[in-house]
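**Q** Input sequences plus hints: build the corresponding full structure.
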Amino acid sequence: METDRSSGGRYRLWPIRRNMLVGLCAIGAVVIPVVGAFAYVGGFLIPDRLTQARIIDGFETVNGVHPGFRRNHAKGVCIAGHFTGSGNGVALSKAAVFAPVTTPVTGRFAVAVGKPFVPDNETQVRSMALSFRTANGEEWRTGINDIPVFPVRDAKSFYDQLLASAPDPATGKPDPAKLQAFFAAHPETVAALKLLKARPVSSGFTNASYNSLNAFRLISATGASTPVRWSMVANEPFVPASPATGADTNYLFDDLIARVSKGPVQWHLMVTVGEAGDATADATVPWPDARKRIDMGTLTIDHVEAEGPGNCRDVNFDPLVLPSGIKPSDDPLLSARSAAYSTSFTRRAGEAKTPSQVTPAEVQNPATAKGS
Amino acid sequence: MHTQRFPAFSRLLHWLMAVMIVAMLFIGIGMMASLTDYHWLVSIHRPLGIAILILAAVRLTNRMLNPAPALPSDMPALLRVAAHGSHVLLYALMFAVPLVGWGMLSAERYPIVLYGALNLPPILPQSDMLFAWLRTTHTVLAVLFFVTVLAHVAAAMMHALVFRDGVFESMASVRIGADTPAPPHAAAAARSTADL
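Protein chains in written order, with numbering that gives the first Met the number 0: chain A, 0 to 371; chain B, 0 to 195.
Worth flagging that the hints you see were computed from the coordinates, not collected in a lab. Treat the hints loosely; a few may be bogus.
[Said to hold, decoys possible] Listed below are several chain B residues computed to face chain A (Cβ distance under 8 Å; list not exhaustive):
1) Pro-110
2) Ala-116
3) Asn-118
4) Ile-122
5) Phe-130
6) Phe-145
7) Leu-149
8) Phe-162
9) Asp-164
[Stated by the list, open to error] With beta-carbon atoms standing in for the labels, derived distance ranges:
10) A/Trp-13 - B/Pro-66: 30 to 38 Å
11) B/His-83 - A/Pro-14: 26 to 34 Å
12) A/Ala-180 - B/Ile-49: 43 to 51 Å
13) B/His-13 - A/Ala-25: 40 to 48 Å
[Said to hold, decoys possible] According to the in silico footprint, chain B covers these stretches of chain A (three or more CB under 8 Å from chain B):
14) 9-18
15) 26-32
16) 46-59
17) 127-137
18) 314-322
19) 327-336
As the structure is a computational prediction, the values presented were derived from the model and not from experiment. Yeah, the Cβ is synthetic: ideal placement off N, Cα and C, and Gly gets one too.
**A** Here it is in structure tokens:
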């Protein structure tokens, strides 16, 4: 009895007693599985798991690393203006932005490529990103593109397509065998790309219309939920892109700057109301043309500025920054976009910034700064 | 013999926060490696983090009003330093991790939605570099928190299984009330015979 006390008390750790061994085993039995579970949940035990970091790594593999720039839609310019709600949407959504009030808007036009110095004529997809900040302190961000549907339906397909269409270092072009294998496994992408190729490409940013691609849900004051997709439909008459765009590698941006300097440009926010059977979880599938469309209000853009500290350069246009009154649908791409945008933002935020290809001087005077 | 328990309210706060913090650490590490589940995990992460911050303030106040029972008189100085130091660290992290999270979202100019239209105001100005620094700090502190919680659990088990000094029971007891002496210490008696 009390042998432990006589040689240092119950806190004595040496020489090792039997209950010490039992205690250490019990601690190991608790701590080791908890550490294992933590590592598993964090993805460390599954090297093949598709994470937001791997998706952004994929962009960096395909486009190279351009410090300080977005990993996709890297070349862009900041815009500002306002949105005036029509009031037509208040029955569908309680979001303050749809009331017949005017909300300040900031945003960004970009080309959908991960290279910040890509010549405009090498791009086919243009994007508009918007941030609405309503008087009640809420914010709505949306990133929309001038394509009718998205080429893939989930993050895994997105990643696989990104790598399959990466240029082969030997040829500078995607490996046809890899692309073939991807398309064989993804008939939905083949169908979606058919729609993308059939669409007429606009001559510029201001006469293009931009689509949410993903479905969302509008929530009314009484809690009713309506599946929707939305579009910013240009007021400017559509003009198809001409094949010859001249020597100006920034012609899309220069045309935008010149156009806004002459006066405000407008779009109508059209909400397409989904019906039973319309795909909400598959952005590759278009909704029928006959669906009801509601004009929710008018977007006016009257200001363009080059990317710089604190403006659109430093905003993550996460599609799940939503006000109450708009909710995500069951589309798995939305959460994946939110995750990947966050990782892209985190990486570029900590990197030294260099000026955008669309420089402040160019925004001041696009006529004298014709690309480079 | 160590005979005092923590007050019942202190024990309630401890175990409530234990569940919340462990859940939070797993949600935090998990959402950084999740695509489809990212959004709903983040939607829990932010309000849960603020709840932990509020409870940490309640808990610190409670600890000042209702001090912890003294450690056993025969506990060696080194263990006392380790015990006090780890508790100071745990309290500091309960405040620091959520505050850094709030600060980093502020520097990102990212809306901090708690529920519905209820948003938290920013506590720092927008700054991309500040965001990047706080974002890294948030992860480093969270991993430190996880390690400290594990050390805390290991220490509690040492008290329960090896030292058998009543310290574990002072927090693990489910009895109401604090200052009544604990019943005759069965564990210590059992140890005495087991050690024969």
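**Q** It remains to establish, for every hint, whether it holds in the given structure.
**A** Results for each hint:
no. : hint                             : verdict
1   : Pro-110                          : holds, 4 Å
2   : Ala-116                          : holds, 4 Å
3   : Asn-118                          : holds, 5 Å
4   : Ile-122                          : violated, 15 Å
5   : Phe-130                          : holds, 5 Å
6   : Phe-145                          : holds, 6 Å
7   : Leu-149                          : holds, 5 Å
8   : Phe-162                          : holds, 5 Å
9   : Asp-164                          : holds, 6 Å
10  : A/Trp-13 - B/Pro-66: 30 to 38 Å  : holds, 33 Å
11  : B/His-83 - A/Pro-14: 26 to 34 Å  : holds, 28 Å
12  : A/Ala-180 - B/Ile-49: 43 to 51 Å : holds, 47 Å
13  : B/His-13 - A/Ala-25: 40 to 48 Å  : violated, 21 Å
14  : 9-18                             : holds (count 5)
15  : 26-32                            : holds (count 3)
16  : 46-59                            : holds (count 6)
17  : 127-137                          : holds (count 3)
18  : 314-322                          : holds (count 6)
19  : 327-336                          : holds (count 5)
In the structure shown, a violation is registered for the earlier hints numbered 4, 13, in ascending order.
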